[in-house]
Each structure stands twice: as C-alpha cells, then as structure tokens.
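Protein chains: 2
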Amino acid sequence: MSLKEVANQLVALCREGKNLEAVETLYSPDVVSVEAAPVPGMEQTMKGIDAVKGKNKWWIDSHEVHGGDVKGPFPHGEDRFAVYFEFDVTPKGTGKRMQMNEVGLYTVKNDKITKEEYFYSMEG
Amino acid sequence: MSLKEVANQLVALCREGKNLEAVETLYSPDVVSVEAAPVPGMEQTMKGIDAVKGKNKWWIDSHEVHGGDVKGPFPHGEDRFAVYFEFDVTPKGTGKRMQMNEVGLYTVKNDKITKEEYFYSMEG
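Those protein sequence lines, which keep their order, are chains B and L. Here the first sequence stands for residues 923 to 1046, numbered as in the working numbering. Here the second sequence stands for residues 923 to 1046, numbered as in the working numbering.
For reference, chain B alone in the conformation it holds in the complex (with noise of 0.2 Å):
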C-alpha cells in the first residue's frame, strides 16, 4: 500500500467508528502513540499495538459519542499525513457534552502506522 492508501483507509474506518479495526489493521506492532501532553493517569507516550488498543478501548468505553467530522487524509512527503478530527461527545466520568478538536500526526513506514502524536489543547 502506499502512504496514501493507509492514509485514506485510516480516515474511512475513523469515520465509521471503527476505530479500533483501524488500529488491527494499519498499526505497526511496535507503534509509538503520544498524547499532547502529560495527563492524570495516562501515560503521554505508550508504546506497542496492546498499548494502543487499550487505550482506543477506553476512550470509546468512557464516552458516548453523538457525533462528529473527520477531514482529510493530508499527506506531507513521503511518509506523513495528517487528519483534522471533531468529536461532540459526553465523558461518562462527568455527564458534561462537549466538542473536542484535535490534528492527528501519522508516520508510516513499510506501509503500517508506526507513530501516531495528538495534538490538542487541554484548556478544552
């Protein structure tokens, strides 16, 4: 596959919700995942595809969803692309809806995601 066709079937699974599929299918087993930043509890940078599925199976856990955007794949070079997400969401642990706006940064190598970084503000 070429970065484009990662790219563009992480975005048609993201917008489906398949989320974690995505993770099955086009994740590297030794992926890197970095938060923003520190959070309570989480460690920012987790390493290994269990890592990362855990962490996709606890997001979709404690939130529900009422909706959301996907735009995208942007792909810069060789092996890059970005993806602008927006969620409406309620977090479970607080009943309190809210939208979340976030880039998502991929690395792809030999055809499988090997880094994904978030970038978002915590400030809401």
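None of these hints come from the bench; they were simulated from the model. Check each hint, because a few of them may be wrong.
Identical chains blur together in the list; that is why a pair holds if it fits in one copy or across any two.
[To be verified] In silico SDA-like links for lysine to any residue, alpha-carbon gap of 25 Å or less: (1) Lys-926 - Ala-959; (2) Lys-926 - Ser-1043; (3) Lys-1014 - Thr-1036; (4) Lys-969 - Gly-1017; (5) Lys-1018 - Thr-947; (6) Lys-977 - Gly-999; (7) Lys-940 - Lys-977; (8) Lys-1034 - Cys-936; (9) Lys-1031 - Val-961; (10) Lys-926 - Met-964; (11) Lys-940 - Lys-979; (12) Lys-969 - Ser-924; (13) Lys-1034 - Val-956; (14) Lys-993 - Arg-937; (15) Lys-1031 - Asp-983; (16) Lys-926 - Gln-1021; (17) Lys-975 - Gly-999; (18) Lys-926 - Pro-962.
Starting from the known structure of chain B, arrange chain L on it as the hints suggest.
Here is chain L on its own, set in the frame of chain B:
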C-alpha cells in the same frame, strides 16, 4: 513568550489575513518552510525568512480569497503546534474557484517559529 502565546498570535494574525505580519513578527530568520510535495516551479523546501515572505507574497498576489476558516491552535509537547485551515479561493491563474484544506505543523524554538510544514493533498 510561551509556545501557547506564539501559537495564539499566529492563529489570530492568520484569521485577520495578516499572514505576512505573522512571518515578520513570529518567524526565526532561519525558518525552514516545507510544502507537502514537490510543486512545479517552486522549491518544496525553502530556507530563510526572506524566501518565506516571498512565498507568502506570491500566494497573496496570485489568489483571490473569498473566505476561510482557521481552527486551533492545537499544541503538542513543548515545541510544536498544528493549525487547520480552510480556504475558499480563486487562483488568478485558472479563474476557477476552489476549496483548499490543509494542516500547518509549526515548530517553535526560543519563542520563534523555526519550521513550518504544510500537509495537503495535491488532488485538491
């Protein structure tokens, strides 16, 4: 200035269409600017604030801007932030109105933007 202040100023100036002022006030003299892919007639990577100002002037002169949107900034870690841009423009060369979406990825060192990388699809 903190990363957040540099990022907020960049977004505020871009929202006002003052991109050239953003370069003049927020960019390092040694800034590196990288487009998503090689473009005929333009270097993919430009170095130095004068080259980047020239590219900005070229863009402003060759596009009629009808509107747009700027989302962000979205910080990550100590030294990077992303911005999501939408433009509604007519390139004067084609006269054909089009929508352009892209992600800008910015690296900040010593309170100045030292690198800008643009992520977009060449397919429009």
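Comparing the hints with the structure gives:
{"no.": "1", "hint": "Lys-926 - Ala-959", "result": "between (28 Å within a copy, 13 Å between copies)"}
{"no.": "2", "hint": "Lys-926 - Ser-1043", "result": "between (28 Å within a copy, 9 Å between copies)"}
{"no.": "3", "hint": "Lys-1014 - Thr-1036", "result": "neither (30 Å within a copy, 40 Å between copies)"}
{"no.": "4", "hint": "Lys-969 - Gly-1017", "result": "neither (30 Å within a copy, 49 Å between copies)"}
{"no.": "5", "hint": "Lys-1018 - Thr-947", "result": "neither (33 Å within a copy, 39 Å between copies)"}
{"no.": "6", "hint": "Lys-977 - Gly-999", "result": "between (28 Å within a copy, 19 Å between copies)"}
{"no.": "7", "hint": "Lys-940 - Lys-977", "result": "within (14 Å within a copy, 40 Å between copies)"}
{"no.": "8", "hint": "Lys-1034 - Cys-936", "result": "within (16 Å within a copy, 34 Å between copies)"}
{"no.": "9", "hint": "Lys-1031 - Val-961", "result": "between (28 Å within a copy, 24 Å between copies)"}
{"no.": "10", "hint": "Lys-926 - Met-964", "result": "between (31 Å within a copy, 23 Å between copies)"}
{"no.": "11", "hint": "Lys-940 - Lys-979", "result": "within (11 Å within a copy, 42 Å between copies)"}
{"no.": "12", "hint": "Lys-969 - Ser-924", "result": "within (24 Å within a copy, 29 Å between copies)"}
{"no.": "13", "hint": "Lys-1034 - Val-956", "result": "both (17 Å within a copy, 24 Å between copies)"}
{"no.": "14", "hint": "Lys-993 - Arg-937", "result": "both (9 Å within a copy, 20 Å between copies)"}
{"no.": "15", "hint": "Lys-1031 - Asp-983", "result": "neither (30 Å within a copy, 38 Å between copies)"}
{"no.": "16", "hint": "Lys-926 - Gln-1021", "result": "between (29 Å within a copy, 20 Å between copies)"}
{"no.": "17", "hint": "Lys-975 - Gly-999", "result": "between (27 Å within a copy, 22 Å between copies)"}
{"no.": "18", "hint": "Lys-926 - Pro-962", "result": "between (35 Å within a copy, 20 Å between copies)"}
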